[in-house]
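Novice: Just so you know, the sequences run in chain order A and B. Read left to right, the first sequence gives residues 3 to 168 (our numbering). Read left to right, the second sequence gives residues 3 to 168 (our numbering).
Hints are not guaranteed to be accurate.
Claimed, not checked - Listed below are the simulated DSS-like cross-link pairs for lysine-lysine, each with C-alpha atoms no more than 30 Å apart in a straight line: (1) K84(A) / K127(B); (2) K84(A) / K58(B); (3) K65(B) / K68(A); (4) K62(A) / K68(B); (5) K106(A) / K65(B); (6) K164(B) / K68(A); (7) K135(A) / K106(A); (8) K135(B) / K106(A); (9) K58(A) / K84(A); (10) K84(A) / K84(B); (11) K127(B) / K58(A); (12) K84(A) / K164(B); (13) K62(A) / K65(B); (14) K106(A) / K164(B); (15) K164(A) / K62(B).
Unchecked claim - Just a sample of chain B residues kept apart from chain A, beta carbon distances all over 10 Å, derived: (16) G57; (17) R93; (18) P112; (19) L163.
These are computed hints drawn from the structure, not numbers from a lab. Even for Gly, the Cβ is constructed at its ideal location relative to N, Cα and C.
There are 2 protein chains.
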Amino acid sequence: MRILGIDPGFERLGIAVLDPALRKERGEKDHCVVFSECFKTSSKLGFSERLNLIGKEVHKIIKEYKPEILAIETLFLNTNQKTVMRVAEARGVVIYEASSAGLKVFEASPPQIKIATTGYGRANKEQIMKMVKILAEMDTSKTSDDELDAIAIALTAFAHLKVLKK
Amino acid sequence: MRILGIDPGFERLGIAVLDPALRKERGEKDHCVVFSECFKTSSKLGFSERLNLIGKEVHKIIKEYKPEILAIETLFLNTNQKTVMRVAEARGVVIYEASSAGLKVFEASPPQIKIATTGYGRANKEQIMKMVKILAEMDTSKTSDDELDAIAIALTAFAHLKVLKK
Chain A
3 MRILGIDPGF ERLGIAVLDP ALRKERGEKD HCVVFSECFK TSSKLGFSER LNLIGKEVHK
63 IIKEYKPEIL AIETLFLNTN QKTVMRVAEA RGVVIYEASS AGLKVFEASP PQIKIATTGY
123 GRANKEQIMK MVKILAEMDT SKTSDDELDA IAIALTAFAH LKVLKK
Chain B
3 MRILGIDPGF ERLGIAVLDP ALRKERGEKD HCVVFSECFK TSSKLGFSER LNLIGKEVHK
63 IIKEYKPEIL AIETLFLNTN QKTVMRVAEA RGVVIYEASS AGLKVFEASP PQIKIATTGY
123 GRANKEQIMK MVKILAEMDT SKTSDDELDA IAIALTAFAH LKVLKK
């Protein structure tokens with residue numbers, strides 16, 4: 003059950019593909035990060051062009067890694083209204099590309115992500131990042147926060163689906 | 003210069019295609035509504051499926067009517083946060099489909115729409131609708147508000163582009 007985790011953003015989009023089975027084959031732990039990146043769009047480009055690049059990148063990654071599930075963070079309104087609207091539009095494009103490719107969509111709220119990664123619904127950013135690094139067992143020295151967020155979201159989907167299967 | 007006007011929505015999407023040239027050929031006035039509809043998605047469907055239907059519908063209409071410009075209303079936050087986020091996601095999908103098909107995107111703010119249709123930036127809904135019916139010169143008895151909104155948005159883009167050309 004391969005999962006595409008996305009930390010939705012307009013300027014920076016965290017993307018990660020996790021495959022639990024792959025690591026099990028190797029006799030290791032549950033989660034394997036097959037791919038991760040922080041996809042950036044330049045502020046010099048027009049808005050519609052940036053949306054286009056985001057959709058095309060997600061399309062490309064789905065085609066290449068063939069995940070079955072999209073795990074994506076739910077959005078909440080913060081102080082910057084304009085930013086959150088742009089992020090929502092990018093989020094719509096990501097879900098659209100995933101849905102067009104037949105992926106199931108799992109929406110993870112921030113408290114769900116906190117509980118799934120740290121066991122504590124009010125964990126702070128540092129605590130989440132620390133646990134993600136342990137859970138994903140990867141060399142995270144070169145991994146951006148956006149990628150780690152995307153991995154955390156994919157781990158959350160994995161935890162929920164595992165519970166559902168039991 | 004064929005314009006696709008979209009009144010962004012998640013449950014109801016107003017869509018209109020206007021072609022100024024077409025009517026000029028007939029020796030009539032400026033604007034001709036080639037197509038209009040209110041595209042609805044059922045609340046019984048899942049969120050990602052509804053986004054998918056919206057994108058596919060816009061894709062189909064672009065392919066059939068070949069507009070060169072997408073005119074779409076800008077969004078502002080209202081009281082219902084959840085609704086506005088879903089509408090923003092749908093809006094992202096519409097812009098993505100248009101941008102992928104090579105259309106230029108024109109974003110029209112509510113005051114721009116009011117000025118372009120009525121000449122008055124604080125016009126109310128009824129005043130806009132009345133003017134749209136006159137400007138579009140169509141049989142509007144069967145036309146929904148969402149379609150009229152989409153026509154108003156397309157008319158706004160047309161007014162702006164006409165000014166730019168002068």
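Novice: Each hint: holds or not?
Specialist: Checked hints:
1. A C-alpha spacing of about 25 Å is found between K84(A) and K127(B), which places the hinted pair at or below 30 Å, so the restraint holds.
2. Our distance criterion of 30 Å between C-alpha atoms is met by K84(A) and K58(B), whose separation comes to about 27 Å.
3. With a C-alpha separation of about 28 Å, the suggested pairing of K65(B) with K68(A) holds against the 30 Å cut-off.
4. Taking the CA atoms of K62(A) and K68(B), the gap is near 26 Å; set against the 30 Å cutoff, the hint holds.
5. Taking the CA atoms of K106(A) and K65(B), the gap is about 27 Å. The hint holds against a cut of 30 Å.
6. Between K164(B) and K68(A), the direct Cα distance comes to roughly 46 Å. Violation of the 30 Å bound is thereby established for this hinted pair.
7. Using a Cα cut-off of 30 Å, the hinted pair K135(A) and K106(A) holds, with the two alpha carbons roughly 26 Å apart.
8. For the proposed pair K135(B) and K106(A), the alpha carbon gap of about 43 Å is over 30 Å, so the pair is violated.
9. At roughly 23 Å between alpha-carbon atoms, K58(A) and K84(A) fall within 30 Å of each other, so this suggested pair holds.
10. Proposed proximity of K84(A) and K84(B) is supported: the alpha carbons are some 15 Å apart, at most 30 Å.
11. About 38 Å separates the Cα atoms of K127(B) and K58(A), which puts this hinted pair outside 30 Å; it is violated.
12. Taking the CA atoms of K84(A) and K164(B), the gap is near 28 Å; set against the 30 Å cutoff, the hint holds.
13. Taking the CA atoms of K62(A) and K65(B), the gap is near 23 Å; set against the 30 Å cutoff, the hint holds.
14. Between K106(A) and K164(B) the alpha-carbon distance is near 45 Å, which puts this suggested pair outside the 30 Å criterion.
15. Restraint check: the Cα-Cα separation between K164(A) and K62(B) comes to about 38 Å, which exceeds 30 Å; the hinted pair is violated.
16. Look at G57(B): its CB is around 5 Å from the nearest CB on chain A, not clear of 10 Å, so calling it non-interface is violated.
17. A cut-off of 10 Å between C-beta atoms contradicts the statement that R93(B) is not in contact with chain A; the least separation is 6 Å.
18. Chain A leaves P112(B) outside its interface by the beta-carbon criterion, the shortest separation being 15 Å against a cut-off of 10 Å.
19. Look at L163(B): its CB is around 16 Å from the nearest CB on chain A, clear of 10 Å, so calling it non-interface holds up.
Checked against the numbered hints given earlier, this structure breaks hints 6, 8, 11, 14, 15, 16, 17; the rest are met.
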